[in-house]
Structures are given as structure tokens and as C-alpha cells.
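Numbering-wise, my numbering puts 31 at position 31 of the sequence shown, and it's gapless, one number per residue.
Keep in mind that the hints were calculated from the coordinates and are not lab data.
Glycine included, every Cβ here is placed at the ideal spot set by N, Cα and C.
Hints are not guaranteed to be accurate.
Computed spacing ranges between beta-carbons, pair by pair [as the list claims (entries may be wrong)]:
1. Asp26 / Glu3: 25 to 31 Å
2. Thr46 / Pro2: 26 to 32 Å
3. Leu28 / Gln4: 14 to 20 Å
4. Tyr25 / Pro2: 25 to 31 Å
5. Asp26 / Glu6: 29 to 35 Å
6. Glu45 / Phe14: 17 to 23 Å
7. Ile35 / His13: 16 to 22 Å
8. Asp37 / Ala5: 17 to 23 Å
9. Asp37 / Lys17: 16 to 22 Å
10. Tyr25 / Glu3: 27 to 33 Å
11. Pro2 / Asp26: 25 to 31 Å
12. Glu3 / Thr46: 24 to 30 Å
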Amino acid sequence: TPEQAEQCTLIIHFKGKCAVKNGDYDTLKGMCDRITDRGIGATIETTES
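Input sequences plus hints: build the corresponding full structure.
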């Protein structure tokens, strides 16, 4: 939603990054590639379980 996008931009502004999706690497890799192809910065980070 537009509200979520605005919240994410504020978090990125103040903290430097914002988690927007969780899932398996193969699924996230395709999404990340499509985002970065449009000139938007995106990375995949692993988390400790």
C-alpha cells in the first residue's frame, strides 16, 4: 500500500535499510533481480535462526 511504502522510505532514511520480504533464496533472488533491473537498490540478507 502507499502507506507501507511511505513507512519503508522513512525507515530506510533513518536506519539505512528496511526488510520487506522473507522467503527462500531462489524466490527472493528473482524478485531482487527484477527490482534492481529497474534501478532500485535491493539486496538479499540471511538471518540467523
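Check your understanding: Is the gap between the beta carbons of threonine 46 and proline 2 within 26 to 32 Å?
Key -> 30 Å Cβ-Cβ, so the 26 to 32 Å window holds.
Check your understanding: Cβ-Cβ distance between leucine 28 and glutamine 4: within 14 to 20 Å?
Key -> Given a distance of about 18 Å, which is inside 14 to 20 Å, the answer is holds.
Exercise for review: Go ahead and decide if the range 25 to 31 Å is satisfied by the Cβ distance of tyrosine 25 to proline 2.
Suggested key: Once the Cβ atoms are compared, 29 Å apart, the range 25 to 31 Å for proline 2 and tyrosine 25 holds.
**Study point:** aspartate 37 paired with alanine 5, Cβ distance criterion 17 to 23 Å
**Key:** Cβ of aspartate 37 to Cβ of alanine 5: about 19 Å, so the range 17 to 23 Å holds.
Review point. Are tyrosine 25 and glutamate 3 spaced within 27 to 33 Å by their CB atoms?
Key: holds, 29 Å
Practice item. Go ahead and decide if the range 17 to 23 Å is satisfied by the Cβ distance of glutamate 45 to phenylalanine 14. Key: Once the Cβ atoms are compared, 18 Å apart, the range 17 to 23 Å for phenylalanine 14 and glutamate 45 holds.
Review point. So the hint says 25 to 31 Å: do the beta-carbon atoms of proline 2 and aspartate 26 match that?
Key: holds, 29 Å
Exercise for review: Can you let me know if the beta-carbon spacing of aspartate 37 and lysine 17 is within 16 to 22 Å?
Suggested key: For aspartate 37 and lysine 17 the Cβ distance comes to about 20 Å; the hint holds.
Practice item. Could you check the hint for me, namely that aspartate 26 and glutamate 3 are 25 to 31 Å apart, CB to CB? Key: Distance hint for aspartate 26, glutamate 3 holds at roughly 30 Å.
**Study point:** CB-CB spacing for threonine 46 and glutamate 3 relative to the 24 to 30 Å hint
**Key:** About 28 Å separates the Cβ atoms of glutamate 3 and threonine 46, which means 24 to 30 Å holds.
Review point. Are aspartate 26 and glutamate 6 spaced within 29 to 35 Å by their CB atoms?
Key: holds, 30 Å
Practice item. Could you check the hint for me, namely that isoleucine 35 and histidine 13 are 16 to 22 Å apart, CB to CB? Key: holds, 18 Å
Hint compliance for this structure: every hint is met.
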